[in-house]
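Fit the two chains together into the complex; they arrive one by one in their own frames, and the hints show the way.
Below are the chains, spelled out letter by letter.
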Amino acid sequence: MPAYDRYSPGPFHSPLSRRAALRTFAGAAGLAALGPALAACGSSTPGSAAPNVVSFGSNYSDAAPKAAFAGMIAAAGKATGLTVKINTVDHNTFQNDITSYLQGTPNDVFTWFAGYRMQYFAQQGLVHNLNAVWDKIGGHFSDSIKAACKGLDGNYYIVPIYNYPWVVFYRKSVFASKGYAIPTTWAEWMTLLKQAQRDGFVPLAFGDKDKWEAPGTFDIINMRLNGYAFHMDLMKHKVKWTDSRVADVFAYWAKMLPYVQTGANGRIWEDAATLFENKKALMMFQGTDQVAAAFSSADLPDLDFFPFPQINPAYGQDSVDAPIDGFMMPASPKNLAGGEKLLEYIGTPTAEKVYLEKDSSDVGVASDMDTSAYNAVQKKSVEIIKNTKNIAQFMDRDSVPGFIDNVVEPQIQQFITNGGSGISSVLSTIEGQAGQYFTG
Amino acid sequence: MATVNAQAPAGPASSAAGSRRRRRRLRTLSRRDKLVIALMAGVPLALDIGFIWFPTITSVLLSFTHWMGIGGLGTAQWIGLHNYAYAATTDPAFWPAIEHNLIWLGAFVCVATPFGILLAVLLDGKIRGSRIYQSIFFLPVMLSLALIGTIWELMYSSNYGLINSVLGANGANNAIDWLGNPKLDLWAVLIEACWRQAGYVMILYLAGLKAVDPALREAAVMDGATPSQTFWRVVFPVMRPVNVVIAVITFIESLRAFDIVYITNRGTNGLELLSTLITNNILGETTLIGYGAALGVVLLVVSLVPIITFLVVRLRQERST
Numbered sequence: 001m002p003a004y005d006r007y008s009p010g011p012f013h014s015p016l017s018r019r020a021a022l023r024t025f026a027g028a029a030g031l032a033a034l035g036p037a038l039a040a041c042g043s044s045t046p047g048s049a050a051p052n053v054v055s056f057g058s059n060y061s062d063a064a065p066k067a068a069f070a071g072m073i074a075a076a077g078k079a080t081g082l083t084v085k086i087n088t089v090d091h092n093t094f095q096n097d098i099t100s101y102l103q104g105t106p107n108d109v110f111t112w113f114a115g116y117r118m119q120y121f122a123q124q125g126l127v128h129n130l131n132a133v134w135d136k137i138g139g140h141f142s143d144s145i146k147a148a149c150k151g152l153d154g155n156y157y158i159v160p161i162y163n164y165p166w167v168v169f170y171r172k173s174v175f176a177s178k179g180y181a182i183p184t185t186w187a188e189w190m191t192l193l194k195q196a197q198r199d200g201f202v203p204l205a206f207g208d209k210d211k212w213e214a215p216g217t218f219d220i221i222n223m224r225l226n227g228y229a230f231h232m233d234l235m236k237h238k239v240k241w242t243d244s245r246v247a248d249v250f251a252y253w254a255k256m257l258p259y260v261q262t263g264a265n266g267r268i269w270e271d272a273a274t275l276f277e278n279k280k281a282l283m284m285f286q287g288t289d290q291v292a293a294a295f296s297s298a299d300l301p302d303l304d305f306f307p308f309p310q311i312n313p314a315y316g317q318d319s320v321d322a323p324i325d326g327f328m329m330p331a332s333p334k335n336l337a338g339g340e341k342l343l344e345y346i347g348t349p350t351a352e353k354v355y356l357e358k359d360s361s362d363v364g365v366a367s368d369m370d371t372s373a374y375n376a377v378q379k380k381s382v383e384i385i386k387n388t389k390n391i392a393q394f395m396d397r398d399s400v401p402g403f404i405d406n407v408v409e410p411q412i413q414q415f416i417t418n419g420g421s422g423i424s425s426v427l428s429t430i431e432g433q434a435g436q437y438f439t440g
Numbered sequence: 441m442a443t444v445n446a447q448a449p450a451g452p453a454s455s456a457a458g459s460r461r462r463r464r465r466l467r468t469l470s471r472r473d474k475l476v477i478a479l480m481a482g483v484p485l486a487l488d489i490g491f492i493w494f495p496t497i498t499s500v501l502l503s504f505t506h507w508m509g510i511g512g513l514g515t516a517q518w519i520g521l522h523n524y525a526y527a528a529t530t531d532p533a534f535w536p537a538i539e540h541n542l543i544w545l546g547a548f549v550c551v552a553t554p555f556g557i558l559l560a561v562l563l564d565g566k567i568r569g570s571r572i573y574q575s576i577f578f579l580p581v582m583l584s585l586a587l588i589g590t591i592w593e594l595m596y597s598s599n600y601g602l603i604n605s606v607l608g609a610n611g612a613n614n615a616i617d618w619l620g621n622p623k624l625d626l627w628a629v630l631i632e633a634c635w636r637q638a639g640y641v642m643i644l645y646l647a648g649l650k651a652v653d654p655a656l657r658e659a660a661v662m663d664g665a666t667p668s669q670t671f672w673r674v675v676f677p678v679m680r681p682v683n684v685v686i687a688v689i690t691f692i693e694s695l696r697a698f699d700i701v702y703i704t705n706r707g708t709n710g711l712e713l714l715s716t717l718i719t720n721n722i723l724g725e726t727t728l729i730g731y732g733a734a735l736g737v738v739l740l741v742v743s744l745v746p747i748i749t750f751l752v753v754r755l756r757q758e759r760s761t
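Same order as they appear, the protein sequences are chains D and H. In terms of the working numbering, the first sequence is numbered consecutively and its last residue is 440. In terms of the working numbering, the second sequence is numbered consecutively and its last residue is 761.
This is chain H alone, in the form it adopts within the complex (with noise of 0.2 angstroms):
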């Protein structure tokens, strides 16, 4: 039926007209149109509403019930905000872990991603064995977490690890407890991450500077600028979008911390995250569900406030150019 109506744009003379006419039009779809629009958003929709929706608004809910996880869901005890004021008044690991999370995420920032950068700006240069340079520090992005959190327990390992053998601290009294001592075990645990997540950044930012025109560097060459004035006035400005990536990996990386940790010692001990304490609370042998979910809301408010950072930040920017 493709007898549409030629003769539609009418103007707004009299809009009961009008709107008869789009009714009309709408009338006029066939019914595979129907059944494709209905496919196109109906499929996105129901996957939004089952993968993203019910299971968040579900975990909301739950957070306010005590349940073990046995039992249909009407064995949910209503407990009102009670989780949560276990969560802040009582559970011994709940600051840590909030406090751990933003150590995890200042690491990120200040340290892992400049690196990463760094080196990305070396290797950009002209030196010899440039891809050897890469293949090495991009070898620890393809090894999966739990890998590389083995491969550095090896490391630390007190009394039989490379690092204390070196330093001549394996004795049995003066070991360094690298991943035993909560002092330590944070930073020894962000070394590792660090040491991926730099080869991470390093990867894309090279993908950046090689599409970047020569030709600007050549100007700022000849107006005479430094190499550094050359970076932050010219390169940095004009890999925009490949910062935006960067700033939002940074982030998420760093809220998603998880399997270094929970592969190290699940998660206590001076290695509390929010996301081992979801782990722990509803993945163990006896689940806490309610106060699981409790954390996991936690952790999504925590995540939201650089999203929406980044977003408004980003729209502000978009309405501008």
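Bound conformation, chain D alone (with noise of 0.2 angstroms):
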């Protein structure tokens, strides 16, 4: 699942409403009127009595996930011959749930990611450590990915299934006809945004009506200009937000908006794709997982990427956000070596070649993977992340994700609409929020 999981993607996917909650709350209420026997119903654990029954919770409620989960699951129960049921949750509503559900009655295994978003529950000891796992599967993966995988007390947390990375999305047939070269440092960006507005195209398609999209913009220009090291002391409030390197970050977005497509704070971003894929815009800046999944397989063959050009020689391109995916298990599940047997299939490059036959903008993590049925989305992805010496996981996920929420995402949209200006009292807002999410 891309970054954006935890929002609604779009429209049609609307998050429990408080009416909704309520008809449930007063369900419930009813429910428990008419005697433990009905209400015994609503709580039925699969897999507290059977040996070789798994429970899995799963935020994979998009369509095209769902099927490529339910294949690879389909696959695991073959192979370990382990009957898994599947327990699907609106991803929004997932994540949302999380902290009450892992303190509740969770499933033997379930969906997350990788980052701080992981480490902070494994801090809390509400997830099991998998070093179990690791030592069987630990060979198909390389340092970088395990580094991922682990907890802040250096144990391991998640058994990762995909990534994908942020990049800079263009058409080669366009660049062709203009004659456009793919520009790799900070004053080329620059000529080719003007030239493009001075060509008629939006330079760059843009949109942030869920808020998690911008964050990809911040982070890349974060990690050219201060690094990755920085980033990840920002991330975990080592650095202050008002610090003079944060407004730099926002001090060169600034030079681009002028050439970014106006209006993002109300577009999702599947218009500013379908602009970019009509040739309007002329390039985009977000993950593959969603600007190539939302390219019809007819325009797929002429698109192509390139990472974000270099701002500062001390950095060059050796940074990227490649948000990992992965699954958990919570700190006590009722099948813990079924649930593990699990986990040790799903580590292997046989698992993720199963779920990648229906996904074909996200990349395998595992470095044996046979990759021969990737198309040239996936192997340059591949490259990429290769290629690329730190691998970050997105602002959401390298921080608190409620400070990025509530705080940070409402005030960056506050500076896409004061056009650029207003720097420092977006930073000293967000920064007078901080306390609430980072205490001692």
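Misleading hints may appear alongside valid ones.
As the list claims (entries may be wrong) - Derived lysine-lysine pairs resembling DSSO-like cross-links, with alpha carbons at most 30 angstroms apart: (1) D:Lys255 / H:Lys623; (2) D:Lys150 / D:Lys279; (3) D:Lys341 / D:Lys150; (4) D:Lys255 / D:Lys85; (5) D:Lys280 / H:Lys623; (6) D:Lys150 / D:Lys78.
Bear in mind the hints are in silico, worked out from the structure with no lab data behind them.
And the structure:
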């Protein structure tokens, strides 16, 4: 799942409304009144008795990932002899409920994300360490992937399945017809943006209605300008948001803004991607998991991308956001042995390949995976991820998610509304609220 | 044991004897009577305490703490009034939320409700196809607010929406950003909300109008009243019970406004409301339960103002009639 999965990717994935919540609540109260016999139906826990039954809490609720996930689980069942019961929950609801889910009666295995977003729950003791699983699967993964799957205590907590990079997309035919070259430095980048505007394009398509999209741009400018280590320090709030280096990031972004599609705060990224696919916008910066997945199969061969250009030569193009999705186990699962057995299978190149048969915009993370079936987008993604020294997870995965959701993202929208001015007030507003989320 | 003392009404002669008798009479209640009384008083009381007082008081207590929702309640830190101070001084969304709630109330009071009443009065006259109009205006009420938000999102979409396409403002650079411009989006969403609210008020008022005795109108016409005089001097006062219901609904619907805004952008970027602030703080992936509870208390206090006003007015009227 992409970084947006905490949110509704479009208007049709409505989050649980208060009304619906009340209805559920009323329903539950009614059930309880009918006596324990009925109430028990609501809390049946598959897998508590049978040793070969594993329950799996999944947030792969959109049609495509759901099908890919079901395919992989079916293969896992065949290979391990386990019966896996999948409990799919709308991804937005799943993620918002995670705190109470993990403290209630969670499934044996559940879907989650690498990065601080995983480490936070490991710190709280809400998830099970998976060192036993990693003893068996460790050989399939590179050191950088291994590092991304460890908690702050050095133990493993997640088994990864795929990732995907955030890159600048363009259409090969458009670049060829206009004679544009791929920019590798900030100066070339700005020249290209200006030229594109003169040639009647929207230089950069952009949608930020769901608020998680713009942080990708912040991340990449930050890592190009201040480096990966600074990104991590800022995300963990070891550096204040009022630091002048953060202001510099926004200043660079502000230089780009005149060439970015206006009105981004009211546009879903899918609409921006459509403008780009229709050749009215020249480029778009986002994840392959979104843009490549949104492209029609007819246009897909024309789609290409490159890493965001260098800004500070000290850091070159040595970092990229490439979020990893994976699977974890709660602190005390009902079927520990079964869950571990299942994860041992999922942590193999075979399982990743089965998953990616139905998902052609993400790439597997096992280094010994058979990539012969990859399309051009996937091949290039692998190349970019392999050639990039530092893999970041994304703003809302490297930091405290609620802080990013409720504090940083609204202020980035404010920055976009202001057209790039008022940076210092944006930063002091963010910093003023940080204390609520980062204590001690 | 139906042997209740038949000579009970002894008068206020001796209070001691009276109280003794009362005590005896209580004792003479059968076990079944006691059970029935206990059930009839106890169940509503338990529900009232369990579902209203317990959560309310817990919320008020939680509002003085910092608690991320992990571990037992014992892990909550007592921080006094900090959450309230934080809301008033630091949270950039708090004051806009209060303001937007008030604007919402104003729009319902000044636009949606009068418009709904106007529709009802017009449809109450003998217009051809009155039923069809009623159905059309009532249709939005039957849709959930979440669905209404989705429908209007398609209308407002800046590049592909109906409104901008009709206005010819759907280009890459001249598009009107209805739902993304923080100065516009509240009004855009209020149109959605009023669209629904007007239909709701209309149907309630129409039902009331149908119940008005036609003889009253006839008498007014006979006395030479104009249609507007008939409405304001005769029909409107007669409709007082319905008017009160509509006033209450208008207040409640505007204070609990949530769904449309949440579906549009989760209540940020110019659409902050108290209800969405609470939700974002309590139901998010990182939960600030204490702060969310403090916002809940603020909403409670804000809601109490119209409710108490209403009750006071109501009671005064009842006493005077």
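To see whether the hints hold, each was checked on the structure:
1. Note on D:Lys255 and H:Lys623: the hinted pairing holds, with a Cα-Cα distance of about 24 angstroms set against a maximum of 30 angstroms.
2. Simply put, D:Lys150 and D:Lys279 have alpha-carbon atoms about 42 angstroms apart, too far for the 30 angstroms limit, and the pair is violated.
3. For the hint pairing D:Lys341 with D:Lys150, the CA-to-CA distance comes to about 19 angstroms; that is within 30 angstroms, so the pair holds.
4. A hinted pair counts as satisfied when its Cα atoms are at most 30 angstroms apart, and D:Lys255 with D:Lys85 does not qualify at roughly 51 angstroms.
5. Between D:Lys280 and H:Lys623 the CA atoms are separated by roughly 28 angstroms; this keeps the pair inside 30 angstroms, and the hint holds.
6. A distance of roughly 29 angstroms separates the Cα atoms of D:Lys150 and D:Lys78; the hinted pair therefore holds under the 30 angstroms criterion.
The structure shown violates the earlier hints numbered 2, 4.
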